[in-house]
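S.K.: If you read the protein sequences in the order shown, they are chains A and B. Letter by letter, the first sequence follows residues 833 to 943 in this note's numbering. Letter by letter, the second sequence follows residues 4 to 117 in this note's numbering.
A couple of the hints might just be wrong.
Simulated crosslink set (DSS-like; lysine-lysine; CA at most 30 angstroms straight-line) [claimed, not checked]: (1) K854/A <-> K890/A; (2) K935/A <-> K874/A; (3) K47/B <-> K890/A; (4) K47/B <-> K900/A; (5) K74/B <-> K874/A; (6) K900/A <-> K890/A; (7) K869/A <-> K900/A; (8) K889/A <-> K30/B; (9) K54/B <-> K65/B; (10) K854/A <-> K889/A; (11) K54/B <-> K30/B; (12) K869/A <-> K30/B; (13) K47/B <-> K935/A; (14) K874/A <-> K47/B; (15) K854/A <-> K47/B; (16) K30/B <-> K890/A; (17) K74/B <-> K30/B; (18) K889/A <-> K935/A; (19) K903/A <-> K54/B; (20) K903/A <-> K47/B; (21) K874/A <-> K54/B; (22) K889/A <-> K65/B; (23) K47/B <-> K869/A; (24) K900/A <-> K935/A; (25) K74/B <-> K54/B; (26) K903/A <-> K889/A; (27) K889/A <-> K900/A; (28) K869/A <-> K54/B; (29) K935/A <-> K890/A; (30) K935/A <-> K869/A; (31) K65/B <-> K935/A; (32) K874/A <-> K890/A.
Facing chain B, a subset of chain A residues (Cβ under 7 angstroms, in silico) [to be verified]: (33) G875; (34) L878; (35) K900; (36) F921; (37) N928; (38) F933; (39) G936.
Hints are computed from structural coordinates only; laboratory data are not their basis. Every residue, glycine too, gets a C-beta built ideally from N, C-alpha and C.
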Amino acid sequence: GENVEQHPSTLSVQEGDSAVIKCTYSDSASNYFPWYKQELGKGPQLIIDIRSNVGEKKDQRIAVTLNKTAKHFSLHITETQPEDSAVYFCAAQEGNNRLAFGKGNQVVVIP
Amino acid sequence: NAGVMQNPRHLVRRRGQEARLRCSPMKGHSHVYWYRQLPEEGLKFMVYLQKENIIDESGMPKERFSAEFPKEGPSILRIQQVVRGDSAAYFCASSLGQAQETQYFGPGTRLLVL
Numbered sequence: 833g834e835n836v837e838q839h840p841s842t843l844s845v846q847e848g849d850s851a852v853i854k855c856t857y858s859d860s861a862s863n864y865f866p867w868y869k870q871e872l873g874k875g876p877q878l879i880i881d882i883r884s885n886v887g888e889k890k891d892q893r894i895a896v897t898l899n900k901t902a903k904h905f906s907l908h909i910t911e912t913q914p915e916d917s918a919v920y921f922c923a924a925q926e927g928n929n930r931l932a933f934g935k936g937n938q939v940v941v942i943p
Numbered sequence: 004n005a006g007v008m009q010n011p012r013h014l015v016r017r018r019g020q021e022a023r024l025r026c027s028p029m030k031g032h033s034h035v036y037w038y039r040q041l042p043e044e045g046l047k048f049m050v051y052l053q054k055e056n057i058i059d060e061s062g063m064p065k066e067r068f069s070a071e072f073p074k075e076g077p078s079i080l081r082i083q084q085v086v087r088g089d090s091a092a093y094f095c096a097s098s099l100g101q102a103q104e105t106q107y108f109g110p111g112t113r114l115l116v117l
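Hey, can you work out the whole structure from these sequences and the hints?
M.R.: Encoded structure:
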């Protein structure tokens with residue numbers, strides 16, 4: 833099955849700086865890659881997703897890039913704010929719509 | 004415009020008891036997924052259901068766990084004879100069902116087995 837790895841496991845950034853989280857996946861058949869943000873005690877919230885027919889997608893301060901050849905995709909958050917502090921999960925869609933998740937990345941934005 | 008709803012939000016059971024977790028998908032969604040999250044871990048797929056059908060249960064333990072999504076009412080994840088290792092957060096997600104469709108998650112049920 834699909835194996836998704838996420839790096840780094842924790843990331844601290846100064847408010848206003850950029851944060852980048854990278855994920856790799858193993859199954860070249862995967863074609864859909866969502867990113868979720870999870871705050872303490874809450875469910876995962878979709879923040880952005882990308883499909884394999886595009887290499888980059890942007891939504892305000894958040895962007896995702898996809899390199900299908902290298903089988904990796906990255907989340908970019910610019911002008912970070914304290915409310916961006918959370919755990920971020922990347923995922924890749926396997927067969928039967930299953931999502932395979934990375935282990936998560938704790939982002940801490942330091943005011 | 005209600006999102007995915009799960010109840011209860013917290014559930015405490017003693018070893019050997021049964022746990023029933025409920026999930027109501029977003030309006031218009033007929034596909035439901037259950038995931039389990041252990042502390043400081045990512046989410047692990049358990050089961051994928053459509054109305055009255057189990058599509059994929061490859062991530063669900065063969066014993067003690069079962070899931071259903073009846074024609075009427077919420078999806079139910081049932082855990083019989085719970086053990087301490089079942090303590091986790093259980094999340095339900097729903098989608099329109101087509102491939103590459105976004106899955107929207109509920110707030111989860113946090114199960115604690117004493």
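S.K.: What are the numbers of the hints that this structure violates, sorted from low to high?
M.R.: 19, 22, 35
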